[in-house]
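As they're listed, the protein sequences go chains A and B.
The first sequence: position 415 = 448 (my numbering), numbered continuously.
The second sequence: position 61 = 94 (my numbering), numbered continuously.
What the hints contain is simulated information worked out from the structure, not anything from laboratory work.
Check the hints yourself; a few may be wrong.
Claimed, not checked - Derived CB-CB ranges, DEER-like:
#1 B:Glu361 x A:Arg366: 26 to 32 Å
#2 B:Gly131 x A:Gly310: 19 to 25 Å
#3 A:Gly422 x B:Ser66: 20 to 26 Å
To be verified - Below are the DSS-like pairs computed for lysine-lysine, each with C-alpha atoms no more than 30 Å apart in a straight line:
#4 A:Lys183 x A:Lys63
#5 B:Lys320 x A:Lys183
#6 A:Lys323 x B:Lys320
#7 B:Lys183 x A:Lys320
#8 B:Lys63 x A:Lys63
#9 A:Lys183 x B:Lys323
#10 A:Lys48 x A:Lys320
#11 B:Lys173 x B:Lys184
#12 A:Lys173 x A:Lys183
#13 B:Lys173 x B:Lys183
Claimed, not checked - Reference listing, derived: stretches of chain B covered by chain A, where coverage requires no fewer than 3 residues with Cβ under 8 Å from a Cβ of chain A:
#14 118 to 132
#15 163 to 171
#16 216 to 228
#17 235 to 245
#18 310 to 320
#19 338 to 351
#20 366 to 380
Even for Gly, the Cβ is constructed at its ideal location relative to N, Cα and C.
Protein chains: 2
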Amino acid sequence: MKLLQVDTLQEAFEKLREAAEEMPLRTETKELSRAFGRILAEDVRSEEPIPAFRRSSVDGYAVRSADTAGATDSIPVFLEVIEEVAIGHPALRRIGPGACAYVPTGGMIPEGADAMVMVEYTEPLDGRHVAVNASVPYGKFVVEAGEDVKKGETVLARGTRIDPAQAGVLAAVGASRVEVYAPWRVSILSTGDELVPVDCAPGPGQVRDINTWTLSAAALHLGMEIVGRQAVADDEGALEEAICREASRCDLLLVSGGSSQGRKDATMEALDRISGGGVFTHGLALKPGKPTILGYDAGRRTILAGLPGHPVAALTVFSLLFGRLWRELTGQREPLPVPARMDTNLPAAPGKATCVPVRLAPEGCGAGGTGLFAVPLLGKSGLITTVSGADGYILMDRDQEGIRRDETVLVYRYF
Amino acid sequence: MKLLQVDTLQEAFEKLREAAEEMPLRTETKELSRAFGRILAEDVRSEEPIPAFRRSSVDGYAVRSADTAGATDSIPVFLEVIEEVAIGHPALRRIGPGACAYVPTGGMIPEGADAMVMVEYTEPLDGRHVAVNASVPYGKFVVEAGEDVKKGETVLARGTRIDPAQAGVLAAVGASRVEVYAPWRVSILSTGDELVPVDCAPGPGQVRDINTWTLSAAALHLGMEIVGRQAVADDEGALEEAICREASRCDLLLVSGGSSQGRKDATMEALDRISGGGVFTHGLALKPGKPTILGYDAGRRTILAGLPGHPVAALTVFSLLFGRLWRELTGQREPLPVPARMDTNLPAAPGKATCVPVRLAPEGCGAGGTGLFAVPLLGKSGLITTVSGADGYILMDRDQEGIRRDETVLVYRYF
Numbered sequence: 034m035k036l037l038q039v040d041t042l043q044e045a046f047e048k049l050r051e052a053a054e055e056m057p058l059r060t061e062t063k064e065l066s067r068a069f070g071r072i073l074a075e076d077v078r079s080e081e082p083i084p085a086f087r088r089s090s091v092d093g094y095a096v097r098s099a100d101t102a103g104a105t106d107s108i109p110v111f112l113e114v115i116e117e118v119a120i121g122h123p124a125l126r127r128i129g130p131g132a133c134a135y136v137p138t139g140g141m142i143p144e145g146a147d148a149m150v151m152v153e154y155t156e157p158l159d160g161r162h163v164a165v166n167a168s169v170p171y172g173k174f175v176v177e178a179g180e181d182v183k184k185g186e187t188v189l190a191r192g193t194r195i196d197p198a199q200a201g202v203l204a205a206v207g208a209s210r211v212e213v214y215a216p217w218r219v220s221i222l223s224t225g226d227e228l229v230p231v232d233c234a235p236g237p238g239q240v241r242d243i244n245t246w247t248l249s250a251a252a253l254h255l256g257m258e259i260v261g262r263q264a265v266a267d268d269e270g271a272l273e274e275a276i277c278r279e280a281s282r283c284d285l286l287l288v289s290g291g292s293s294q295g296r297k298d299a300t301m302e303a304l305d306r307i308s309g310g311g312v313f314t315h316g317l318a319l320k321p322g323k324p325t326i327l328g329y330d331a332g333r334r335t336i337l338a339g340l341p342g343h344p345v346a347a348l349t350v351f352s353l354l355f356g357r358l359w360r361e362l363t364g365q366r367e368p369l370p371v372p373a374r375m376d377t378n379l380p381a382a383p384g385k386a387t388c389v390p391v392r393l394a395p396e397g398c399g400a401g402g403t404g405l406f407a408v409p410l411l412g413k414s415g416l417i418t419t420v421s422g423a424d425g426y427i428l429m430d431r432d433q434e435g436i437r438r439d440e441t442v443l444v445y446r447y448f
Numbered sequence: 034m035k036l037l038q039v040d041t042l043q044e045a046f047e048k049l050r051e052a053a054e055e056m057p058l059r060t061e062t063k064e065l066s067r068a069f070g071r072i073l074a075e076d077v078r079s080e081e082p083i084p085a086f087r088r089s090s091v092d093g094y095a096v097r098s099a100d101t102a103g104a105t106d107s108i109p110v111f112l113e114v115i116e117e118v119a120i121g122h123p124a125l126r127r128i129g130p131g132a133c134a135y136v137p138t139g140g141m142i143p144e145g146a147d148a149m150v151m152v153e154y155t156e157p158l159d160g161r162h163v164a165v166n167a168s169v170p171y172g173k174f175v176v177e178a179g180e181d182v183k184k185g186e187t188v189l190a191r192g193t194r195i196d197p198a199q200a201g202v203l204a205a206v207g208a209s210r211v212e213v214y215a216p217w218r219v220s221i222l223s224t225g226d227e228l229v230p231v232d233c234a235p236g237p238g239q240v241r242d243i244n245t246w247t248l249s250a251a252a253l254h255l256g257m258e259i260v261g262r263q264a265v266a267d268d269e270g271a272l273e274e275a276i277c278r279e280a281s282r283c284d285l286l287l288v289s290g291g292s293s294q295g296r297k298d299a300t301m302e303a304l305d306r307i308s309g310g311g312v313f314t315h316g317l318a319l320k321p322g323k324p325t326i327l328g329y330d331a332g333r334r335t336i337l338a339g340l341p342g343h344p345v346a347a348l349t350v351f352s353l354l355f356g357r358l359w360r361e362l363t364g365q366r367e368p369l370p371v372p373a374r375m376d377t378n379l380p381a382a383p384g385k386a387t388c389v390p391v392r393l394a395p396e397g398c399g400a401g402g403t404g405l406f407a408v409p410l411l412g413k414s415g416l417i418t419t420v421s422g423a424d425g426y427i428l429m430d431r432d433q434e435g436i437r438r439d440e441t442v443l444v445y446r447y448f
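Next comes chain A alone, as it looks inside the complex:
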């Protein structure tokens, strides 16, 4: 066996990023109604000012503010109503001295007018005139054209996820079709003779395949697409054949399983052979996650990953490496970690980074107790049930000696 060095998380990430640079992301044009949750592949600019016209933010009368000077309840000002502007229609007449026009909320303010008087401060008179009971300053309740968005202004940047508010921004600027990133095609090969499908009862020594499901859900959650999902027997020929076939039709090939040394070696050798020596990471200095293999098949333009067989380890590695990589490639901002106070002492694993799932709990009602506690979720064997109750994880550095109770930690989200 070759003497192989493990990579730190950061070293492995940088090698992955370098490989990914050889694989330009595809984009696709989507109608707005089909683009929710997708990531913008371009900056979106407004072709027009928003609003496109001067617009009232109240129901009332568009006036020349100077005309209302000194108006009060007892000494109102009388103005002639020369137009009733209808919502959705242009204002047609110019407001001269002594004149005004009724304008509903959102309606267009006529030329000449420079302020709005709310209808509550007016009284209709003979149908042609209105009494104004309050003076208004210049610009009152007037939204200027372009006040929200200037013509040509970027309203959403590349890398923005189209969530509800962003969908509204796209609608506002008329982006009925948008350019978004096409999902990476992911194929998952699950190896291990002990694995049975989820709908089978495991016999003695057997367990159900978990990683196919956690990894599928995780890839979909990130916005990737699953093109293959298959169990492969622990047989060198079958594994190589499956890797070859899947690597040709996906961007990211995940081979899950291989927590025992023998199987890890077989997976590594198969991945390395098929990619023409493309394996660049032979282990991660991460707990859990050590038996991780990473590489790049330059011929097929596919990133290859042999993930640990242990479900928590596989999900952790996928989240910490591929979640971050996908967000970086698509220009997404990394989610801000949440600061919290550690509720217990926690030892570190010397020489490797440690990822610990934590639950967040409110600090309680004590004085100033508006903060959060981080409660580590530890389980002897670290089954996936442990992580299913987590709000996120903390990452202890390889040089860190541990975390003391009450120390502030940063809690990151898995997804």
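Given chain A, work out where chain B should sit, using these hints.
Quick look at chain B alone, frame taken from chain A:
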């Protein structure tokens, strides 16, 4: 016009909840691969202990721990290897004194053995014997049957969202089909003669319809389903007809538009008439969000909502009322708000609750500066672009006088 009182957010929420109690949620059975992101409608229990058998967490030899007492590098213990347990297969032979069996990670530990010696602490001898260089305590590297999950134990509770780790838990217990909540059917009517579709250029006085898009995306984001999306002219007959038709085929009817008083009244009257007097909220003591109408059509079993025309107000009301309602009905935990320090003074609106979008920013690198700042996003007209840059919102109570800089606030997520 009737003298109508506005409801507080909490009052309106309780009325909505009371109405929703008349509408039992539907559930549906989904295959696991189609259930990602859905909400469990039942507790999921494990029919079996997990692991189902005693299992090794390392590659090595299953031994009787007593046999290794005193073993060191210089004075090893010699044991007979009576079996090589293959992964996925039962262990067949009982380990008696002086015997051991090879077991790979995840493999079944034979009867009689009570600990594992890692392969690193052993040396093979003649093919039938192995030298053990370290003593191991009882139970070392042994995962007991049922240690992760006991038979009959609830592994996921009703109301849990099926995220990646949860998908793994379901796979582990063989839940290949799960009972999840069926989405509420939502129909959106957008009223307003000034509105043009997103793919049209607005003429003078016109604007593009934004609310249809923010509300669709928001409802989908919560896990609801959109069954109708339609613009209706500002015409009483057309509005009533559309409300009647849509209310018959949805669980939640959103009528968007009506920020001007006249239009609000027309919407309220139409909703009230069609629901047989079912409107119970005639305005919200919330900024933004005052012109909100809520009701229940008992005949059609449909919740009715007239949302403000202002896009930020409509999205805010939808998030604060219907996001919370949907989570409560489906048993979901409310997401924990994130504590942050206010980076500026902020005045409150007297007599009503105020919802202010904020951006979160790290406090910087000062001593102990691992916290977050909340930066309010204020815009004169509060266009949807303001909210598109927000990480969440803060909610000021109606009795609150404002927030001082450096005060700790709780930041909630819109979705």
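Structure-based check of all given hints:
1. Between glutamate 361 (chain B) and arginine 366 (chain A) the Cβ separation comes to about 30 Å, which falls inside the hinted range of 26 to 32 Å.
2. A C-beta distance of roughly 47 Å is found between glycine 131 (chain B) and glycine 310 (chain A), which places it outside the suggested range of 19 to 25 Å.
3. The hinted window of 20 to 26 Å between glycine 422 (chain A) and serine 66 (chain B) holds, with their beta carbons roughly 23 Å apart.
4. Note on lysine 183 (chain A) and lysine 63 (chain A): the hinted pairing holds, with a Cα-Cα distance of about 25 Å set against a maximum of 30 Å.
5. Only pairs whose Cα atoms come within 30 Å are accepted, and lysine 320 (chain B) paired with lysine 183 (chain A) is accepted, the gap being roughly 26 Å.
6. Between lysine 323 (chain A) and lysine 320 (chain B) the CA atoms are separated by roughly 52 Å; this puts the pair beyond 30 Å, and the hint is violated.
7. Distance restraint check for lysine 183 (chain B) and lysine 320 (chain A): the Cα-Cα separation of roughly 26 Å lies within the 30 Å cut-off, and the hinted pair is therefore satisfied.
8. Of the supplied pair hints, the one linking lysine 63 (chain B) and lysine 63 (chain A) holds, its CA atoms being roughly 28 Å apart against a limit of 30 Å.
9. Only pairs whose Cα atoms come within 30 Å are accepted, and lysine 183 (chain A) paired with lysine 323 (chain B) is accepted, the gap being roughly 29 Å.
10. Our distance criterion of 30 Å between C-alpha atoms is met by lysine 48 (chain A) and lysine 320 (chain A), whose separation comes to about 19 Å.
11. With a C-alpha separation of about 23 Å, the suggested pair lysine 173 (chain B) and lysine 184 (chain B) falls inside the 30 Å cut-off, and the hint holds.
12. Proposed proximity of lysine 173 (chain A) and lysine 183 (chain A) is supported: the alpha carbons are some 21 Å apart, at most 30 Å.
13. The hinted pair formed by lysine 173 (chain B) and lysine 183 (chain B) meets the criterion: a straight-line CA distance of about 20 Å does not exceed 30 Å.
14. Chain A is given as covering the region 118 to 132 of chain B, and this holds because 7 residues of the stretch bring a CB closer than 8 Å to a CB of that chain, at least three being needed.
15. Here the region 163 to 171 of chain B counts 0 residues with a CB under 8 Å from a CB of chain A, which misses the bar of 3, and the coverage is violated.
16. Chain A is given as covering the region 216 to 228 of chain B, and this holds because 4 residues of the stretch bring a CB closer than 8 Å to a CB of that chain, at least three being needed.
17. Counting residues of the region 235 to 245 of chain B whose CB falls under 8 Å from any CB of chain A gives 11; the rule of at least 3 is met.
18. Counting residues of the region 310 to 320 of chain B whose CB lies closer than 8 Å to any CB of chain A gives 0, so the stated coverage by that chain is violated, three being the minimum.
19. Under the rule that three or more residues need a Cβ within less than 8 Å of chain A, the assignment of the region 338 to 351 of chain B holds, with 3 such residues.
20. Coverage of the region 366 to 380 of chain B by chain A holds in this model, with 3 residues showing a Cβ closer than 8 Å to a Cβ of that chain against a need of three.
Checked against the numbered hints above, the structure violates hints 2, 6, 15, 18; every other hint is satisfied.
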